[in-house]
Amino acid sequence: MEQKPLSYGEVFRKLCPQYLHYGMTWEQYWHGDPWMVVHYSRAHDMAIQQRNEELWLQGLYIHDAFAVVLSNAFAAKGSVPKKYLERPLDIFPKTEEEKEAEEERELRKMVKQLNAWEKAFNANSGESAP
Amino acid sequence: MASKEVNEVVKPIILHDEENQRDYTLEFDRETVQWCEQRGFKVEDVGDYPLTKVPELFFYAFRMHHKNVSREKTNRILFDDLGGMPEGMLERLIQLYSAPYDALTANKDAAPKNPKMTVEF
Numbered sequence: 001m002e003q004k005p006l007s008y009g010e011v012f013r014k015l016c017p018q019y020l021h022y023g024m025t026w027e028q029y030w031h032g033d034p035w036m037v038v039h040y041s042r043a044h045d046m047a048i049q050q051r052n053e054e055l056w057l058q059g060l061y062i063h064d065a066f067a068v069v070l071s072n073a074f075a076a077k078g079s080v081p082k083k084y085l086e087r088p089l090d091i092f093p094k095t096e097e098e099k100e101a102e103e104e105r106e107l108r109k110m111v112k113q114l115n116a117w118e119k120a121f122n123a124n125s126g127e128s129a130p
Numbered sequence: 131m132a133s134k135e136v137n138e139v140v141k142p143i144i145l146h147d148e149e150n151q152r153d154y155t156l157e158f159d160r161e162t163v164q165w166c167e168q169r170g171f172k173v174e175d176v177g178d179y180p181l182t183k184v185p186e187l188f189f190y191a192f193r194m195h196h197k198n199v200s201r202e203k204t205n206r207i208l209f210d211d212l213g214g215m216p217e218g219m220l221e222r223l224i225q226l227y228s229a230p231y232d233a234l235t236a237n238k239d240a241a242p243k244n245p246k247m248t249v250e251f
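Protein sequence lines, in the order shown, are assigned to chains A and B. My numbering applies: residue 1 is where the first sequence begins, and numbers increase by one. My numbering applies: residue 131 is where the second sequence begins, and numbers increase by one.
In isolation and in its complexed conformation, chain A is listed as follows:
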């Protein structure tokens, strides 16, 4: 049997609880700007997306914590124990200054590493530095 289409009023009454759940007031839904619902719906979608990302990030931290624990539990004796992240992950894009500072840090780290390798190589080959 073909269903009779809902009238506007029936649709409004049917969707009212949904928009109240989204945070609209009774007054806003029934007497406010009709297009307000679009913004409330988008805001609701954004909140869901945010919650989803938070849960994903939490999973990532938990994964990392387990990885550290298991890695240390099964590590060979004498190996350096792994540590959990010292600070939270950066979730915002880095500024130019932060990018430059990080590049500088990486460069220094690489130079230090190369110097250590050179020292070790010289020691092993029995040569002395001038």
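Hint data in this document are derived by calculation from the structure and do not stem from the laboratory. Cβ coordinates follow ideal geometry from the N, Cα and C atoms, glycine included. Treat the hints with caution; some may be incorrect.
Pairwise CB distance ranges, derived in the manner of DEER restraints [unchecked claim]:
#: 1; chain 1: A; residue 1: 92; chain 2: B; residue 2: 152; range: 49 to 59 Å
#: 2; chain 1: B; residue 1: 202; chain 2: A; residue 2: 10; range: 28 to 38 Å
#: 3; chain 1: B; residue 1: 179; chain 2: A; residue 2: 53; range: 27 to 37 Å
#: 4; chain 1: A; residue 1: 26; chain 2: B; residue 2: 195; range: 11 to 21 Å
#: 5; chain 1: B; residue 1: 165; chain 2: A; residue 2: 94; range: 48 to 58 Å
#: 6; chain 1: B; residue 1: 155; chain 2: A; residue 2: 98; range: 45 to 55 Å
#: 7; chain 1: A; residue 1: 43; chain 2: B; residue 2: 210; range: 41 to 51 Å
#: 8; chain 1: A; residue 1: 36; chain 2: B; residue 2: 152; range: 24 to 34 Å
Using the hints provided, position chain B relative to the given structure of chain A.
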């Protein structure tokens, strides 16, 4: 033929009464549309019975912002002051009447996949 984008917002109609220096804003909210339907009004009937339904729709359009304006007053504005429904006004009134419903359904396509898609009336 008029066309409007799916998520285009229809602006209310503003009538200016020079004599009384008063503005009337014609618009519909959900409560008003529901109130009209409870009185047996169907927007589809406007095309079939324009002589009775057009003045009725015009009267209902006052309810949201000017509840105390009587049917006699709105008839006087429509027939005497305006000399009938100005061109384009009926179409705008119908769009305003449908806006509370359109906003709920347009919501599903809040971010249209093809922004060039339009709806023709």
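Go ahead and decide if the range 45 to 55 Å is satisfied by the Cβ distance of residue 155 of chain B to residue 98 of chain A. holds, 51 Å
Starting from the hint 28 to 38 Å, judge whether the C-beta atoms of residue 202 of chain B and residue 10 of chain A obey it. holds, 32 Å
Taking the beta carbons of residue 43 of chain A and residue 210 of chain B, is their distance inside 41 to 51 Å? holds, 46 Å
Per the hint of 49 to 59 Å, is the separation of the Cβ atoms of residue 92 of chain A and residue 152 of chain B within bounds? Cβ of residue 92 of chain A to Cβ of residue 152 of chain B: about 53 Å, so the range 49 to 59 Å holds.
In this structure, is the beta-carbon distance linking residue 165 of chain B and residue 94 of chain A contained in 48 to 58 Å? Holds: the Cβ-Cβ distance is about 56 Å, inside 48 to 58 Å.
Lying within 27 to 37 Å: is that true of the beta-carbon distance residue 179 of chain B to residue 53 of chain A? Check failed, 54 Å falls outside 27 to 37 Å.
Please check whether residue 36 of chain A and residue 152 of chain B have a Cβ separation lying inside 24 to 34 Å. Since residue 36 of chain A and residue 152 of chain B have Cβ atoms about 27 Å apart, the given range 24 to 34 Å holds.
Go ahead and decide if the range 11 to 21 Å is satisfied by the Cβ distance of residue 26 of chain A to residue 195 of chain B. At roughly 19 Å between Cβ atoms, residue 195 of chain B and residue 26 of chain A fall inside 11 to 21 Å, so the hint holds.
The structure fails to meet hint 3 from the earlier list, while all remaining hints are met.
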